[in-house]
Every structure is written in C-alpha cells, then in structure tokens.
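Student: Residue numbers (numbering that gives the first Met the number 0), protein chains in the order written: chain F, 0 to 324; chain G, 0 to 324.
Take every hint as true, because none was put in to throw you off.
Identical copies go unnamed one by one, so any copy, or any two together, can satisfy a pair.
Okay, derived cross-link-like pairs now, EDC-like style, lysine to aspartate or glutamate, Cα gap no bigger than 20 Å in a straight line:
# : residue 1 : residue 2
1 : Lys25     : Glu137
2 : Lys156    : Asp27
3 : Lys133    : Glu62
4 : Lys42     : Asp211
5 : Lys31     : Glu153
6 : Lys25     : Glu151
7 : Lys25     : Asp162
Hints are computed from structural coordinates only; laboratory data are not their basis.
Each chain, letter by letter, is given below.
Protein chains: 2
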Amino acid sequence: MDFSQQYLEYKSQIDDYLARFINESKPDTLYKPVRYVLAGGGKRIRPLLVMLSCEAVGGSAKESLHAGAAMEILHNFTLVHDDIMDNADARRGRSTVHTRWDTNVAILSGDALLALAYRALLRTKSPRIQEISKVFTEGVVIVCEGQAYDKEFESRKRVRVEDYLLMIQKKTAAMVSVSTQIGGLIGNAKEGELAALKNYGEMVGRAFQIQDDLLDVVADEKKFGKTIGGDLVEGKKTFLLLEALKRARGKDKAKLLGVMRNGGVARKDIGRFRRIYEQTGAIDAARKQVEHDIRSAREQLVQLRDSDGRSMLGWLAEMLMHRTF
Amino acid sequence: MDFSQQYLEYKSQIDDYLARFINESKPDTLYKPVRYVLAGGGKRIRPLLVMLSCEAVGGSAKESLHAGAAMEILHNFTLVHDDIMDNADARRGRSTVHTRWDTNVAILSGDALLALAYRALLRTKSPRIQEISKVFTEGVVIVCEGQAYDKEFESRKRVRVEDYLLMIQKKTAAMVSVSTQIGGLIGNAKEGELAALKNYGEMVGRAFQIQDDLLDVVADEKKFGKTIGGDLVEGKKTFLLLEALKRARGKDKAKLLGVMRNGGVARKDIGRFRRIYEQTGAIDAARKQVEHDIRSAREQLVQLRDSDGRSMLGWLAEMLMHRTF
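Sequences and hints are given; from them, build the entire structure.
Tutor: Okay, here's the thing in structure tokens:
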C-alpha cells in the first residue's frame with residue numbers, strides 16, 4: 000500500500016468536505032472569514048488520524064469523515080483565536096483573520112467555527128455519540144487550559160521543562176489524542192484499543208510539538224517554509240530554551256536567562272544561541288525525546304488489529320518525526 | 000401554586016449547580032474569570048424555561064437541570080465575548096472580564112465557557128441526546144449570526160425594522176427558543192408539543208428584547224437599575240429608533256437620521272427624542288408588538304398538557320412583559 004498516495008486521497012476528501020460544508024452566506028462579516036479560514040489549507044493531520052484510527056479498530060474511514068472534519072474545524076478555531084492573542088499577522092502565507100478584517104470579526108468567526116465543529120461532529124451516526132461528544136468537549140476545555148498556560152508563561156520568570164511539557168500536552172497533544180480516540184469510538188473500539196489509541200495520540204502529539212521547536216532552530220529554511228529562529232527572536236519558552244537553561248552554566252546560562260527576561264534575541268545572535276543549544280546538549284535531548292515518544296507511540300499500536308489503518312498510523316508517526324515541513 | 004416562590008426555588012437550584020460546577024482551578028488566568036462570570040448572578044430565565052418546558056410535556060425539572068445550567072453558561076459565554084466587541088466596561092454592576100483582566104483573558108475564558116456549556120449539556124441522560132445537542136449547536140451558530148448582524152448594523156446607514164427583527168430573532172429569541180425546545184426534548188415531547196414550545200420561545204424572546212428597548216426609554220430608573228436613554232446616547236438602532244424613523248416626517252425625521260448617522264444623542268437631548276418616539280407612535284407600536292407576541296406565545300401553550308409547568312410558562316410570559324427590571 001502506498002501510504003503517501005493514501006494520505007493525499009484522504010486529505011482531498013477532507014478538503015472537499017470542508018469546501019461544501021458551509022451553505023450559509025449571510026451575514027458576510029461572519030461567513031466570509033469562516034470560508035476563508037476553512038479554505039486555507041493545512042496538512043489535515045487530525046482528520047487523517049480520526050480516519051486511520053477508525054479503520055484500525057475495524058470501522059470504515061467513511062463513517063468517520065464528519066468527525067475528521069470536526070477536528071479540523073476545531074483546530075482552525077484555535078488558530079483564529081490564538082492568532083489574535085499572539086498578535087500574529089500571517090499564517091500559512093496568508094493574512095490572519097484579525098489582520099484581514101478586525102479583532103471583533105476574528106473573535107466572532109472563531110466562535111462560529113467552534114459551533115460549526117460541533118455541527119460536523121453531530122452528523123456522526125454512532126450509538127456512542129454521547130461518549131464521542133464528551134471526549135471532544137473535554138478536549139476543547141483542555142486546549143483552552145493549554146493556551147492559558149502558554150500565555151501565562153510569556154510573563155512568568157520561571158518556567159521548568161516539566162511546566163512546558165504539561166502545557167504542550169494540553170495545547171497540542173490533547174487534540175491529537177482526541178482525534179485518535181474519537182476515530183476509535185466511531186469504529187466501536189474495545190477498551191484496550193481505545194487506551195492504545197489515546198496513548199499513541201498523546202505521544203505523537205508531544206513529539207510533533209518538540210519536533211516543531213527543533214525545526215525552528217535546525218531546519219532547512221527553504222523546505223520548512225518559515226524563517227529559522229523565529230522562536231528565539233520572540234523569546235518563546237520552548238523545550239530547547241528551557242532544556243538548555245537547565246544544563247548551562249556561567250556565561251551561557253546568563254545569556255539564556257537574558258532571553259527569558261527580555262523576551263527575545265536579535266536576528267544576528269540566532270547562530271550564537273544555536274551553538275549554546277548544541278553545546279549544552281539541548282538539541283540532542285530534544286531529538287532523543289522525539290525519538291522516544293515516537294517509539295512509544297508505535298509500541299502502542301500492537302494493541303490494535305493488523306490492518307492497513309494500523310500500518311499507516313505507524314507510517315504517519317515516522318513521517319511526522321522525519322518531516323522537514 | 001405560588002409561581003414567584005417556585006421561580007426562586009428553581010433559581011437557587013441553578014445558582015447552586017453553577018457554584019459547584021467548576022472543579023478545576025489551574026491555570027488561574029482561565030478559571031478565575033470563569034468562576035467570576037458564573038457567580039455574577041442574573042435572572043436565570045433560560046434555565047427556568049428549560050425546566051418548565053420539560054415539566055410541561057410530562058418530564059421532571061430535575062432531569063433537565065444539566066441542560067438548564069448549560070443554557071445559562073452559554074448565555075454567559077455570549078456576554079463575555081459581546082462585551083469585548085461592544086467595549087462595555089460594566090455588567091450587572093461589576094467590571095466585565097476584559098476590563099478586570101484583559102482582552103486575551105476574556106477571549107479565552109469565553110471559549111472555555113462555551114466548552115463548559117457543552118460539558119453540562121452532555122451530562123443529560125436522554126435517548127434524544129443527539130437531537131438535543133444539535134438544537135443547542137444550531138442555536139450557537141444562530142447567536143453568532145445575530146451578533147454579526149448587530150455589529151454590521153452599527154456602521155450601516157440603512158437598517159429597516161424588518162432587518163432589526165431578524166437580528167433580534169437570531170441574537171436573543173433563538174436562545175430562548177432553544178431553551179424551551181431542549182426542555183421539551185428532555186421531557187420527550189411529541190412533535191406538536193415541541194413545535195408549540197419552539198414558537199412560544201421565539202415569541203417570548205422577541206417580546207423580551209423589544210420590551211428591553213422600551214424600558215431604556217420609559218422605565219423607572221431606580222427599578223430598572225440602569226440609566227435611562229443609554230441606547231439613544233450610544234446611537235443604537237433599536238426597534239423604537241427604526242420604527243420612529245419609518246413614521247417621522249420633516250424636522251423629526253431629520254433629527255432621527257442624524258442619530259443614525261452620527262451614532263448618538265447628547266444626554267440633555269434624551270427627553271426630546273423620547274417625545275419624538277411618543278408623537279410618531281413608535282412607543283405605542285412597540286407596546287403593541289410586545290403585547291401581540293406575548294398573547295401569541297400564550298396561545299401556543301394550549302398545545303401542551305394541563306400542568307404546573309404550562310401554567311408557570313404562562314405566568315412567566317406575563318411577568319416578562321410587565322417587568323420593570
């Protein structure tokens with residue numbers, strides 16, 4: 000089976016679904032930004048995880064398409080509101096909603112996206128729909144908690160690696176794990192299968208975020224599509240910064256503490272900090288954490304039945320680890 | 000049966016439910032504002048409507064308490080986000096969330112409130128939970144549409160009475176009608192009963208909003224608890240302003256058009272505009288509209304079985320019409 004081909008097939012099913020999803024057009028100030036966001040592309044990883052998880056417990060991908068779309072719409076809701084809070088001007092090469100329209104429009108179209116995510120989810124035909132909706136809802140609460148921690152960290156002087164891991168577990172990993180759990184529930188997973196899918200999702204999600212932090216420092220700029228060192232310039236408390244801070248001594252430690260306090264590094268100093276990350280072993284630690292999480296995630300898959308869905312979940316975990324995008 | 004007493008009893012059940020509802024406390028920046036909002040009081044009319052509607056089709060109020068709380072939390076979500084968009088500093092005598100904290104905190108705690116509303120709703124035990132969740136979700140979408148229209152109207156030069164009625168149907172009446180429908184669904188209403196509850200809710204909701212517009216101009220300041228003429232000062236396109244504009248000629252018409260264009264009236268001119276509202280017959284038209292809607296709402300109740308719930312729905316409609324609060 001050609002997994003890359005299969006991925007493109009599922010991705011286009013999601014893109015089609017989202018393109019047809021909104022029938023309303025009035026009021027313009029609500030539905031223009033909603034359509035704009037849903038047409039904005041993206042890797043559609045979360046819907047893919049829903050569909051593969053459903054298959055990996057014996058369900059069909061088709062019956063999980065509504066829930067897959069729901070996860071993607073939910074993801075886009077978080078992006079629209081996070082972009083307001085982070086003052087971000089651009090995403091995926093396009094203006095953010097609050098930049099193209101205004102903050103009020105972005106708040107309101109974000110709200111509508113959250114409701115529309117439930118609309119898609121509730122089209123799912125499953126005797127377990129209440130359980131599915133509960134998992135989805137608790138995921139939304141957890142994502143809000145994760146974002147609140149993320150914003151708190153910006154002004155906090157002391158953030159430990161453990162705090163960071165809790166934050167990304169809530170802000171990033173939970174949505175991945177909700178995707179795999181919901182896919183499993185639609186496929187009527189047994190308890191053991193469901194636990195395996197949940198764990199797989201959490202570990203893949205965490206690895207994905209730490210890999211993102213790594214790519215900001217070590218990626219090939221052309222392939223990655225965004226400028227290297229952006230996290231350092233913003234003074235973001237990433238896994239690398241916190242891990243390097245834990246390990247550094249003397250002058251390096253003072254420099255890192257400076258970044259924590261002053262909130263940012265000049266562009267010309269990015270190379271210097273990359274070297275500190277290398278020399279303290281923070282980069283190695285991040286790589287090891289990603290490898291460990293991906294291995295643990297794949298180990299969970301033995302709980303599932305031998306199926307194309309399961310094989311492709313294994314492939315996807317590897318691909319996310321080796322991604323350069 | 001003493002309906003006022005019964006109302007206070009149900010209200011205190013809701014207040015208790017909301018006080019116990021949030022077990023989480025961290026992160027502070029999320030749960031402090033969430034608790035603050037839920038402890039902020041209010042008339043708890045929407046939960047009351049859920050509980051009474053459930054009883055009026057043969058269900059018990061107790062089984063609809065989760066959904067009642069969900070409607071109140073949902074209502075509070077809309078208030079937190081609307082207050083950001085409207086730049087409102089105070090609500091029910093307390094600072095709004097974005098004033099007491101900041102806009103980011105208000106966006107995020109609003110988002111969490113919406114998810115928490117679903118958490119409460121999904122605790123409902125009902126074979127019709129999917130239908131209930133769909134009605135709730137479509138209500139959220141409609142409220143977003145209503146708010147988008149409301150914001151659009153602020154900068155639109157031409158708004159007709161019909162546009163205004165569509166806006167309040169979406170922004171205010173839909174939530175009232177969702178409350179009565181969901182109560183009916185939990186009580187396992189038959190199709191005819193459900194339609195009657197839906198219609199009752201829409202008409203009561205519309206009357207409630209027009210009454211609110213009226214009270215801004217004619218209420219007793221002390222009883223109403225807020226300053227008279229606030230809508231005029233803000234230049235809000237209310238039922239009264241649009242109805243008066245339709246009816247006025249000559250100098251009065253020019254004055255009203257001035258309010259539409261310049262967005263507001265000086266405090267000292269409020270009395271003058273109140274007289275225009277009276278002389279054009281706009282106030283009478285608003286009163287007639289409210290009376291008509293309340294009468295129609297009550298007529299719907301004959302579709303329901305004779306019960307305390309039904310009687311109290313009739314009482315509630317009257318009370319809302321004669322309210323001075």
